[in-house]
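Those sequence lines, one after another, are chains E and G. Quick note on my numbering: the first sequence kicks off at 18 and runs consecutively. Quick note on my numbering: the second sequence kicks off at 5 and runs consecutively.
Any given hint could turn out to be false.
To be verified - Taking lysine-lysine pairs in the BS3-like style, the calculated list, with each CA pair at most 27 angstroms apart, reads: (1) E/K263 - G/K93; (2) E/K30 - G/K86; (3) G/K86 - E/K86; (4) G/K93 - E/K86; (5) E/K30 - E/K210; (6) G/K70 - E/K30; (7) E/K210 - E/K236; (8) G/K124 - E/K24; (9) E/K227 - E/K24; (10) G/K94 - E/K263; (11) E/K263 - G/K86; (12) G/K90 - G/K187; (13) E/K24 - E/K210; (14) G/K95 - E/K86; (15) G/K96 - G/K86; (16) E/K263 - G/K95; (17) E/K86 - G/K187; (18) G/K187 - E/K263; (19) G/K95 - E/K30.
Claimed, not checked - According to the in silico footprint, chain E covers these stretches of chain G (three or more CB under 8 angstroms from chain E): (20) 54-63; (21) 85-92; (22) 139-153; (23) 206-220.
What the hints assert, rightly or not - For each label pair, taking beta carbons as the anchor points, the in silico distance ranges come out as: (24) E/K30 - G/G71: 15 to 25 angstroms; (25) G/W79 - E/R176: 37 to 47 angstroms; (26) G/K94 - E/A226: 50 to 60 angstroms; (27) G/K187 - E/K30: 50 to 60 angstroms; (28) G/Q246 - E/N89: 46 to 56 angstroms; (29) E/T51 - G/E203: 47 to 57 angstroms; (30) E/Y180 - G/L62: 39 to 49 angstroms; (31) E/Q234 - G/I220: 56 to 66 angstroms; (32) G/K187 - E/V165: 41 to 51 angstroms; (33) G/K187 - E/G190: 22 to 32 angstroms; (34) G/L62 - E/N89: 30 to 40 angstroms.
Keep in mind that the hints were calculated from the coordinates and are not lab data. A virtual CB, placed ideally from N, CA and C, is assigned to each residue, including glycine.
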Amino acid sequence: MRQTYGKMLPGMKLSDLAGKLIVLEGTDCAGRTTQINMLRPWLEQQGHAVLDTGMTRSVLAGDGIRRAKEGNSLGRVTQSLFYATDFIDRLENEMIPALRAGFIVLTDRYIYSLMARAIVRGMNPGWIRGIYSAALVPDAVFYLRLDVEQLIPRVIFSRGFDYWESGMDVFPGQDMYESFRSYQNALLAEFDKLSTEFNFETVDASADAKIVFAQLQAKVQRVLDGDLGRLKPAEAQTFSREYLHKVFEYAAAATMRRNPDPVLAQAHEAVLANQRWTPSPVAAHYSPQNGRSFFERK
Amino acid sequence: MDIGNHSGATPRIGPFEVFFPSAGVSAHRRHHSEGEFPGCLFVVEGIDGSGKSTQLSLLHKWLEAKGYGVVFSTWNSSELVKDTTKLGKKKKMLTPATFSLIHATDFADRTERNIMPLLKAGAVVLCDRYVYTAFARDVARGMDRHWVRDLYGFAAKPTVGFYFRVPLETAISRLITGRDGFKFYEAGLDIGLSDDPTESFRLFQGRIVDEYEKMIPEFGLTVIDATLPVEVQQAQVRQIVQSHLDRARNLRVRP
């Protein structure tokens, strides 16, 4: 049976979480998003229902965090706890219902990034770990590792240095480049420590995206093969209506406010009307190749 | 695999040490160690209808009149966080865990922005509700007792924590006459104790009172009998506060 890292939240039930929880970790610009955008359609083509999620995408706290980061007055403890709120909202209302409905949950970062960022900001490691001790132990953590030297050109030629990614709140008084180096080095050191402790499977992210993808495919396939009896492809699976409903409702709340979408609404209605739902047509419509995502990024 | 066992029970020392010295900020990052803060922190606790806010406001006026630099902070008032809390409450989307975390986030912002810097500056800080409110409510909602205490490990330990003790029925009768109905989370309707808001409120507040009672010895709270006349309570509060004021800076905010 699935476990947490030590603590249980009220009302949390760990039985029947038939889905798979797969984590992609790594520093900024390590290619996590690119890989998830390739893994998702690949898994959907095999008939799996996939939910992808990531930081600040919660209905509850996503907007609040973005607003708080626009100013210059977000304290370190406050920041750590705001992210924890975002994470637990998604864990309880998005990830767990999706796992119960049999989805493969692909998460762009998990508690490890959140812990590393907090620790680099001077938070006590025991304190931040205690908070995240209610998180589910995932089925696999793939760590896309990149040295700072390899990271810098990617940052410069994609979106440039950003205040928070450069850790300007941690290393002020330096220019963004110097701050970025200090901050990312500190993060990498934390990641490397966490990597041993939590059994990350490290993937060299400096390779070409296609090569990284092939490695990840093999690793993900191994996770799925390990438990084929429980995780059935969508066509052969009767989804639990109750949990599917929750997954849709959360997705709708997270995306539809900004971006009402008739196809998602139709799928949700079908679930409400107790009709059998298979992810494939919806997944096809929402595949990243169509420029859309089922659980759209903001 | 248990990752939550690193923060054990560390002895709490000094009036201004954080609750659990190991929690929150690492020791080498902290610039102030035990007892170094020149300010004073007085907090009032108790269930709704206990009269604690009235007492705190009387204390506030008295301290100001005496020329102390007094700052007042109420529960759930961070500008940075309150929109999120409001959204969660309005849409009823808070679980016991996110209810706990969003209130801790709000408290963290007020601690980092106001409470800590002001205590370092030597002000008298007054808080209407403090971490004990979270300990009582969150545990009444089913959160793990130790998890919630650890969560607030970054908080400054108050100089005095007043607990206004009042029989549940007295508090409820004060509240029922003063307003129409109870709010969803206030009445604990989210945890399904009863469908009737007044009955749910009664049961939920009963749990909260039990938690407060346990915290009196745990945190050395100062109990004030809130059934006494307002003036008598205030005299007791002022006497206790007076005995601690030597350390606070008389800031002479007014000439």
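Kindly indicate which numbered hints from before are broken by the structure, ordering the numbers from low to high. 2, 5, 6, 8, 9, 17, 20, 23, 24, 26, 27, 28 and 33
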